[in-house]
Amino acid sequence: AQSVAQPEDQVNVAEGNPLTVKCTYSVSGNPYLFWYVQYPNRGLQFLLKYITGDNLVKGSYGFEAEFNKSQTSFHLKKPSALVSDSALYFCAVRGPNTGGFKTIFGAGTRLFVKA
Amino acid sequence: GAVVSQHPSRVICKSGTSVKIECRSLDFQATTMFWYRQFPKQSLMLMATSNEGSKATYEQGVEKDKFLINHASLTLSTLTVTSAHPEDSSFYICSATPRGQNPGNTIYFGEGSWLTVV
Chain A
35 AQSVAQPEDQ VNVAEGNPLT VKCTYSVSGN PYLFWYVQYP NRGLQFLLKY
85 ITGDNLVKGS YGFEAEFNKS QTSFHLKKPS ALVSDSALYF CAVRGPNTGG
135 FKTIFGAGTR LFVKA
Chain B
87 GAVVSQHPSR VICKSGTSVK IECRSLDFQA TTMFWYRQFP KQSLMLMATS
137 NEGSKATYEQ GVEKDKFLIN HASLTLSTLT VTSAHPEDSS FYICSATPRG
187 QNPGNTIYFG EGSWLTVV
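As you go down the protein sequences, you meet chains A and B in turn. For the first sequence, our numbering gives the first residue as 35, with consecutive numbering after it. For the second sequence, our numbering gives the first residue as 87, with consecutive numbering after it.
Note that these hints are calculated values from the structure, not bench results. Do not take every clue at face value.
Now the stretches of chain B that chain A is said to cover, found in silico as 3 or more residues with beta-carbon under 8 angstroms [unchecked claim]:
hint, region
1, 129-135
2, 191-204
With a cut-off of at most 30 angstroms between alpha-carbon atoms, the simulated DSS-like pairs for lysine-lysine come out as follows [what the hints assert, rightly or not]:
hint, chain 1, residue 1, chain 2, residue 2
3, A, Lys148, A, Lys111
4, A, Lys92, A, Lys148
5, A, Lys103, A, Lys92
6, A, Lys92, B, Lys127
7, B, Lys150, B, Lys127
8, B, Lys106, B, Lys141
9, B, Lys127, A, Lys136
10, A, Lys136, A, Lys111
11, A, Lys136, B, Lys152
12, A, Lys56, B, Lys127
13, B, Lys150, A, Lys136
14, A, Lys56, A, Lys148
15, A, Lys136, A, Lys56
16, B, Lys127, B, Lys100
17, A, Lys148, B, Lys127
18, B, Lys141, A, Lys136
19, B, Lys106, A, Lys136
20, B, Lys127, A, Lys111
21, A, Lys92, A, Lys111
22, B, Lys100, B, Lys152
23, B, Lys141, B, Lys152
Label-pair distances were calculated between CB atoms; the ranges are [to be verified]:
hint, chain 1, residue 1, chain 2, residue 2, range
24, B, Ser159, A, Ser114, 38 to 48 angstroms
25, A, Lys103, B, Asp113, 26 to 36 angstroms
26, A, Asn102, B, Ser104, 42 to 52 angstroms
27, A, Gln105, B, Glu145, 26 to 36 angstroms
28, A, Asn75, B, Glu145, 18 to 28 angstroms
29, B, Lys100, A, Tyr73, 23 to 33 angstroms
A virtual CB, placed ideally from N, CA and C, is assigned to each residue, including glycine.
The task is simple: from the sequences and hints, build the whole structure.
Encoded structure:
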């Protein structure tokens, strides 16, 4: 079955420290990979995506993600966390084998950044 | 970037009544829109795919007669929760992809609608 895994329910990091939110996927073919952020009681905001090309993708608000095909991972990273980065982060996959290009979401990882 | 608007952002209705949620793409045309449901502290559950000018495609386990979807134009899809019950209370989110673009392009989400059935 096609799936996306975010192994951590919650990530805690101190402000100014680097952060990583993990994502692995199990989708056949060449999927498209996305990261979204959700603030309380709000919809999802697009952060970045990998389609093809350079494995390191840079996105909004200083976030970046590295696509690793051999490990089927797409971890989200930021060199220096801000308190305002605290939110719920979703990894998502879309592709020809996800049922008509539907988006499959991970369970989400809650990021807490302490001042 | 592209904007997707949902209305209302919050609605409270009585059990047994119906409530309609609108999803509009404000600056692009969307032949396909998606409706999701999100329970507290959980991921998004795809309910149905809304196709302009044709019937919606529902995911397994989603009652199509309870969750009516109408995609009457290239910029508007509506979700009507019929005969609502308290267990229908949830956060509903729509998303849309610009018409004509390939599936690798970004999907844009609405701000979501909180439904509370009392």
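Hints versus structure:
1. 129-135: holds (count 4)
2. 191-204: With 8 residues in contact (Cβ-Cβ under 8 angstroms with chain A), the coverage given for the region 191-204 of chain B holds.
3. A:Lys148 <-> A:Lys111: Distance ~17 angstroms between Lys148 of chain A and Lys111 of chain A Cα, so the pair holds.
4. A:Lys92 <-> A:Lys148: Measuring from Cα to Cα gives roughly 24 angstroms; hence the hint holds.
5. A:Lys103 <-> A:Lys92: holds (17 angstroms)
6. A:Lys92 <-> B:Lys127: Given that 30 angstroms is the threshold and the Cα spacing comes to 27 angstroms, the pair holds.
7. B:Lys150 <-> B:Lys127: holds (25 angstroms)
8. B:Lys106 <-> B:Lys141: Between Lys106 of chain B and Lys141 of chain B the Cα gap is close to 17 angstroms, so the pair holds against 30 angstroms.
9. B:Lys127 <-> A:Lys136: Holds, because 22 angstroms separates the two Cα atoms, which is no more than 30 angstroms.
10. A:Lys136 <-> A:Lys111: holds (25 angstroms)
11. A:Lys136 <-> B:Lys152: holds (22 angstroms)
12. A:Lys56 <-> B:Lys127: Roughly 18 angstroms separates the two Cα atoms, so the pair holds.
13. B:Lys150 <-> A:Lys136: holds (18 angstroms)
14. A:Lys56 <-> A:Lys148: Holds, at about 19 angstroms.
15. A:Lys136 <-> A:Lys56: holds (21 angstroms)
16. B:Lys127 <-> B:Lys100: holds (25 angstroms)
17. A:Lys148 <-> B:Lys127: Roughly 20 angstroms separates the two Cα atoms, so the pair holds.
18. B:Lys141 <-> A:Lys136: holds (17 angstroms)
19. B:Lys106 <-> A:Lys136: Holds, because 24 angstroms separates the two Cα atoms, which is no more than 30 angstroms.
20. B:Lys127 <-> A:Lys111: holds (22 angstroms)
21. A:Lys92 <-> A:Lys111: holds (10 angstroms)
22. B:Lys100 <-> B:Lys152: Holds, because 15 angstroms separates the two Cα atoms, which is no more than 30 angstroms.
23. B:Lys141 <-> B:Lys152: holds (14 angstroms)
24. B:Ser159 <-> A:Ser114: 38 to 48 angstroms: Since the Cβ atoms of Ser159 of chain B and Ser114 of chain A sit about 45 angstroms apart, the hinted range of 38 to 48 angstroms holds.
25. A:Lys103 <-> B:Asp113: 26 to 36 angstroms: The hint (26 to 36 angstroms, Cβ to Cβ) holds, given that Lys103 of chain A and Asp113 of chain B are roughly 35 angstroms apart.
26. A:Asn102 <-> B:Ser104: 42 to 52 angstroms: Taking Cβ atoms as reference, Asn102 of chain A and Ser104 of chain B lie about 48 angstroms apart, which means the hint holds.
27. A:Gln105 <-> B:Glu145: 26 to 36 angstroms: At 30 angstroms between Cβs, range holds.
28. A:Asn75 <-> B:Glu145: 18 to 28 angstroms: Taking Cβ atoms as reference, Asn75 of chain A and Glu145 of chain B lie about 24 angstroms apart, which means the hint holds.
29. B:Lys100 <-> A:Tyr73: 23 to 33 angstroms: Hint holds: Cβ distance 30 angstroms, inside 23 to 33 angstroms.
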